[in-house]
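Note that the protein sequences, when read in sequence, are chains P and L.
Using this note's numbering, the letters of the first sequence map in sequence onto residues 1 to 274.
Using this note's numbering, the letters of the second sequence map in sequence onto residues 275 to 566.
All the pointers check out, no bait thrown in.
So the derived label-pair ranges between C-beta atoms look like this:
(1) L:G336 <-> P:V173: 31 to 39 Å
(2) L:Q361 <-> P:V257: 29 to 37 Å
(3) L:H351 <-> P:K175: 33 to 41 Å
Going by beta-carbon spacing under 7 Å, a handful of chain P positions derived as facing chain L:
(4) I16
(5) Q27
(6) R30
(7) E31
(8) E95
(9) R100
(10) T104
(11) S107
Hints in this document: simulated from the structure, not taken from any laboratory.
The beta carbon of each residue, even a glycine, is placed where N, CA and C say it ideally should be.
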Amino acid sequence: MSTTAPARPLPSAVQIGLSRIGLEVKQFFREKEQLLFTFFFPIIFLAIFSAVFSGTEFAQGVDAATYFTPGMIASGIFLTSFQSLAITIAMERDEDLLKRLRGTPMSPQSYFIGKIGLVLFTSVAQFGLLLAVAGLLLGVDLPSSADKWLHFLWIFVLGTASGSVLGIAFSGVPKSGKAASAVVTPVVLLLQFISGVYFVYSSLPAWMRAVSEVFPLKWLAQGMRSVFLPDGFEASEPGGSWQLGTGAIVLTLWLVVGLIVAQRVFRWTRRDAG
Amino acid sequence: MNDNDLAVRVRGLVKRYPDKVAVAGVDLDIRHGEVFALLGPNGAGKTTTTEILEGYRRADEGDVRVLGIDPAHADRHWRARIGIVAQSSREEAELSVAELVQHFARYYPNPRDPDEVIASVGLEDKRKTRTRKLSGGQRRRLDVALGVIGNPDLLFLDEPTTGFDPEARRHFWTLIENLRTAGTTILLTTHYLDEAEHLADRVGVIADGRMLEVATPDTLGGRGARTARVSWLDADGAHEIRTDEPTAELARLMLRFDGEIPELQIRRPSLEDIYLDLIGAVDADALEGATR
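Chain P with its partners taken away, still in its complex shape:
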């Protein structure tokens, strides 16, 4: 034996998980590509859209910045959870980092604690920055009632949770680390276009709305509109309602499906590793 020291207990999965959160966050903010296309993307787009449509008046006296703020918040949640995890895990697997981690006493839970911590940290930071830009620079009226913020909380949690598990599940789709961005980004972009992030949702053709209703981002965006747009705007929504109940059900379904699929398909080694 190489050691004469008495057997010490293994560090707990939570302890290691917390240490991984620190490492993940550090890496995220040092990675320029991640920072630009995941973190700052919705903020840049909010600025562009409010400038381009500055003369446009939406229903209920809502201006462009106000209308697009909830969409960009929803889109940001989807980016920091789904896109970020799907791309980075695919790359970590392809580059044998996951294999290396699997060869250490780090438990799988610790790895996922790290990823979930990263998603929470980045999505909360991004949301804070979006609010600051919208409220301070673009003059968007932010909700003041506790009721609205309570709604926000469950929509935010459900959105990040389902986005995260779906991202973990989707990380098995790209065949290589290099292909990861090219495979994941268009999926996210497509969902953003049909879910009313970049366009006014009610102006989209009915068939497109029907497609978007299957996916989580539409419900996340609609939920955020219910928080950040005035109550009267509800009448301008396609069903004449925010449909929060349906949204909660669809997001929960995706969360459950994502959990099951992620557990089945997640692997520590590359597919060609036998």
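Fit chain L to the known structure of chain P by using the hints.
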């Protein structure tokens, strides 16, 4: 030898892939504190065998014990006692050497001192360098640092010095010798025969999924493999004979030739020659089998 003295004990290991049998009945014993080198051509079954011992793959048949436990059912406690240096990863590019080594130290109950480990692989000057900026050899030394940070009882080294310049390789050998002195058991796979000769207490040669021979580096191939080879050139062409009495052979040649003997060479086969003979025999068999 008592089985309790063994860090690794393998009996009748078989691993099949859809297109071929990668390991066809391998036995292997590695004692505690021993440096064992596994040699063999690409596709011989080295990596498959090693990855089964590391717990990455499952055996189809046979009995595998690593530190007394079947790696297929290993837990975190077992993983805390082994160290693995496999292929380099290009991920975690934005973290510094010190950040990574310190982080991996947190996974283990009884880690070595990160600064000491960084110094032992010669990366003191690169402590604050992000891994993206390391050269291939430096990256490999970082891999070794991450493999030994947990103070393992058993260390797996998979082609650790590929891409090293000769000086870095010598430096690395010293590092391995220090680990051995500290009592670490090491399983090394390598393509460099001089490395195996220098580091290993015993070597095993594997080809076509079978263990051809296990011996100390200076007895591999048996006594006959080490007979001297005397070669020269005359009007009939090149000659080579194997003899236990090269001096007597030389005396005979000196009588036959008037003055210098053309292209005269007397040499003892190196470990590499013996190794090539061993796996050459397998290749010839395989060729014969294929043409039959």
